[in-house]
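Student: As a plain string of letters, each chain reads:
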Amino acid sequence: MKRYLETGNFAITEGAILAGCRFFAGYPITPATELAESMSYRLPQVDGIYIQGEDECAALHLCIGAALGGYKAMTATSGPGYILYADPYGWAIGCEIPLVILNSGRVGPVSGITGAPGQGEFYLTRYPTQGGNFETIVLAPNSAQEAMAITVEAFYLAERFRTPVTILADQLITDGFEDISVPENEEEMKEMGFRTWPRKINKGPEFYPPTDEIDIPPVVLGHNTGALCSDWTPTEEGYDIEEVAAHHKHAYRLIYKIRNNRNLFSNLYEKTFLDDDPDLIVVSYGTPSRVVNTAVKKARERGLKVGALRLINLWPFPDEHFQKSTRYLSVELNWDGQLVREVQRAVPKDAEVHFLGSCGDLPTVQDLIETFEKLLKGQSLSRRGWELEGW
Amino acid sequence: MDYLAKKYTRPRKIPSTACSGCGLGINHKAVLQAIYELGLEVEDIVWGTSIGCAGRQTFGTWKGDGFAGTHGRVYAIARGLRLALPSEKKIILTVGDGDAFGIGLLHLIHAARSNADLTVIVNDNLGYMSTGGQYGWTTPLGSKTDSSPYGMYEQNLMSDDIDVLSMLKHAGATFIARHVSMDGQRAVESIKKGIRNRGFSLIHMVYPCPTNFGSRELGTRNTIKLYEWIESRAAPLGEEDENTVWATGVYHDASNSRPEFSENIHKNVERIRRGAAL
Chain A
4 MKRYLETGNF
14 AITEGAILAG
24 CRFFAGYPIT
34 PATELAESMS
44 YRLPQVDGIY
54 IQGEDECAAL
64 HLCIGAALGG
74 YKAMTATSGP
84 GYILYADPYG
94 WAIGCEIPLV
104 ILNSGRVGPV
114 SGITGAPGQG
124 EFYLTRYPTQ
134 GGNFETIVLA
144 PNSAQEAMAI
154 TVEAFYLAER
164 FRTPVTILAD
174 QLITDGFEDI
184 SVPENEEEMK
194 EMGFRTWPRK
204 INKGPEFYPP
214 TDEIDIPPVV
224 LGHNTGALCS
234 DWTPTEEGYD
244 IEEVAAHHKH
254 AYRLIYKIRN
264 NRNLFSNLYE
274 KTFLDDDPDL
284 IVVSYGTPSR
294 VVNTAVKKAR
304 ERGLKVGALR
314 LINLWPFPDE
324 HFQKSTRYLS
334 VELNWDGQLV
344 REVQRAVPKD
354 AEVHFLGSCG
364 DLPTVQDLIE
374 TFEKLLKGQS
384 LSRRGWELEG
394 W
Chain W
2 MDYLAKKYTR
12 PRKIPSTACS
22 GCGLGINHKA
32 VLQAIYELGL
42 EVEDIVWGTS
52 IGCAGRQTFG
62 TWKGDGFAGT
72 HGRVYAIARG
82 LRLALPSEKK
92 IILTVGDGDA
102 FGIGLLHLIH
112 AARSNADLTV
122 IVNDNLGYMS
132 TGGQYGWTTP
142 LGSKTDSSPY
152 GMYEQNLMSD
162 DIDVLSMLKH
172 AGATFIARHV
182 SMDGQRAVES
192 IKKGIRNRGF
202 SLIHMVYPCP
212 TNFGSRELGT
222 RNTIKLYEWI
232 ESRAAPLGEE
242 DENTVWATGV
252 YHDASNSRPE
262 FSENIHKNVE
272 RIRRGAAL
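First to last, the sequence lines map onto chains A and W. Start counting the first sequence at 4; every next residue gets the next number (our numbering). Start counting the second sequence at 2; every next residue gets the next number (our numbering).
Possibly wrong hints are sitting among the right ones.
[As the list claims (entries may be wrong)] Computed footprint of chain A on chain W, listed as stretches where at least three residues anywhere in the stretch have a Cβ under 8 Å from a Cβ of chain A:
#1 38-47
#2 60-66
#3 79-91
[Unchecked claim] Each computed DMTMM-like pair below joins lysine to aspartate or glutamate, with the alpha-carbon atoms no more than 25 Å apart:
#4 W/K7 with A/D243
#5 W/K90 with A/E240
#6 A/K301 with A/D280
#7 W/K30 with A/D58
#8 W/K268 with A/E40
#9 W/K170 with A/D58
#10 W/K14 with A/D279
#11 A/K203 with W/E44
#12 A/K206 with W/E89
#13 W/K90 with W/D45
#14 W/K268 with A/D243
Since the hints were derived computationally from the structure, they do not count as laboratory data. Just so it is clear, CB atoms sit at the ideal spot from N, CA and C, and this is done for glycine as well.
From just these sequences and the hints, can you work out the full model?
Tutor: See below:
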């Protein structure tokens with residue numbers, strides 16, 4: 004194990020290399036630029052390729068091409084680049100191509116504030132492309148060290164599920180300096196709970212079986228297997244077909260291979276003080292969860308019966324954590340309230356759901372504790388003008 | 002094309018579902034003939050296509066491995082694939098004019114710029130014909146289409162001194178040719194040169210679309226009339242006259258004159274891996 008004081012981008016680079024990633028196509032964008040830079044430095048040292056796309060759309064298409072040739076590939080961006088992935092993301096979902104995509108969230112819409120953290124793409128990562136008829140896997144770390152672990156895990160899941168996996172981070176996670184331990188061999192990787200899966204080659208002739216099974220090797224071109232992949236609805240052999248029944252089978256696979264096997268990653272969450280039926284459950288993911296965890300611990304010291312639920316696996320949404328009929332508070336880095344809508348959907352009908360938003364800056368521990376107190380007293384969260392709770 | 006069809010294509014997809022009188026099959030055959038004359042086998046080539054008539058009608062026809070990219074992006078996909086495949090594997094792309102010269106032009110230019118070893122056959126039916134017939138970026142000036150009912154008057158990539166091929170030459174393509182479907186063996190010879198070039202090659206091949214282009218511009222789906230219309234506007238380079246829209250032949254041949262994209266990257270990765278200083 005080697006220790007560093009380094010950024011999340013450094014940790015993600017090392018995680019990708021440990022997972023077997025040898026191809027990264029990037030496009031400069033704050034705050035994901037340093038990941039591209041770090042990949043351009045590290046990948047050639049391990050016989051890997053770094054390449055810059057002419058835009059983000061090209062970058063993900065370059066990754067798709069490389070993955071189709073057998074590489075484990077990755078790209079990274081921020082919100083304004085993530086929307087340009089809409090085109091290739093759908094292609095990769097439909098052709099079932101394993102890829103890892105990192106989105107380091109900043110303040111939107113559009114270019115917004117480039118150098119501050121935001122969480123505006125919670126729903127965009129669920130529907131990163133058009134057309135529907137699919138599920139996505141999205142994971143959200145809250146530290147540099149965890150970003151490394153989640154990167155390794157994302158590559159593992161991408162291979163087993165044959166699908167792109169998005170890591171939803173934010174500017175503080177990717178740019179922030181932290182204490183990072185990097186395993187130096189397989190034993191140390193195992194000790195840290197890192198698991199990997201090799202790229203296998205589908206020999207055909209049924210490249211797209213209509214089943215919810217995982218562990219079906221992806222299409223790899225250039226091995227003369229007769230493999231076909233396209234942007235059209237495929238037959239089981241990969242021919243394009245305009246037929247509703249064939250499409251239904253294809254959609255079934257894209258949805259249920261993930262829904263029916265999500266036990267593989269549904270353990271990715273963190274619960275703090277949730278064992279004693281708290282009167283308030285604070286829900287969050289990513290960087291805000293670090294402030295939430297501190298605030299919840301301090302609130303407990305003051306006798307407030309508050310617990311924290313931190314989601315790491317964001318999509319498919321883990322409804323199972325929201326069975327209790329109590330008060331919920333969603334703390335997010337946006338003003339419109341995104342995660343809170345999903346919480347509202349998942350909780351029992353008589354549960355209370357509240358929202359505390361901020362953007363570009365984190366809430367303080369003091370802010371949070373005051374909010375907890377208000378909610379526990381049954382007071383509303385309404386504040387000054389545009390800071391109204393309404394979402 | 003029986004012997005070529007049997008050797009290289011899949012019975013499920015050939016004969017294709019193209020419209021009666023469509024010239025795409027002639028272009029497709031010229032590519033297969035070139036492959037045959039170069040002595041290449043099914044396993045030597047990975048075949049990529051785009052969308053639209055040219056893309057969809059040629060997708061999945063090749064007996065070996067194949068892919069079809071989203072609108073205009075196949076050049077970026079093919080460059081990624083180029084880095085992953087061994088250099089002896091050829092990548093041939095059959096695409097359309099809208100895909101290459103419209104939505105995909107940025108990616109096409111970067112494929113030329115990087116001199117990626119791809120052979121791109123742009124099958125040009127003079128506009129967006131699979132969507133019913135709208136003007137494109139090579140539609141001859143004055144032509145009527147569903148979206149140019151008064152005749153095509155916007156400057157495009159084939160008007161006056163603007164030629165998409167010279168753009169691609171200056172972007173770094175190392176082999177460029179232009180043909181029409183009726184060029185026969187002359188087109189086959191150009192395609193062969195394109196495949197032999199270890200770098201970016203593009204062959205622009207105009208083909209007749211009686212169903213949509215012919216019916217709007219000529220007022221008839223008569224195949225012979227449209228073939229004559231195109232042929233009378235095509236002439237070999239150096240023999241052009243005032244009616245010539247498509248001067249045919251090799252525009253630019255700098256084959257194997259500069260480093261190929263993937264070779265260059267792999268060479269540099271190897272150099273760095275061996276411990277080159279920062």
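Student: All hints, please: hold or fail.
Tutor: Against the structure, the hints:
no.: 1; hint: 38-47; in the structure: holds (count 3)
no.: 2; hint: 60-66; in the structure: holds (count 5)
no.: 3; hint: 79-91; in the structure: holds (count 10)
no.: 4; hint: W/K7 with A/D243; in the structure: holds (21 Å)
no.: 5; hint: W/K90 with A/E240; in the structure: holds (23 Å)
no.: 6; hint: A/K301 with A/D280; in the structure: holds (18 Å)
no.: 7; hint: W/K30 with A/D58; in the structure: violated (35 Å)
no.: 8; hint: W/K268 with A/E40; in the structure: holds (20 Å)
no.: 9; hint: W/K170 with A/D58; in the structure: holds (22 Å)
no.: 10; hint: W/K14 with A/D279; in the structure: violated (64 Å)
no.: 11; hint: A/K203 with W/E44; in the structure: holds (20 Å)
no.: 12; hint: A/K206 with W/E89; in the structure: holds (21 Å)
no.: 13; hint: W/K90 with W/D45; in the structure: holds (5 Å)
no.: 14; hint: W/K268 with A/D243; in the structure: violated (38 Å)
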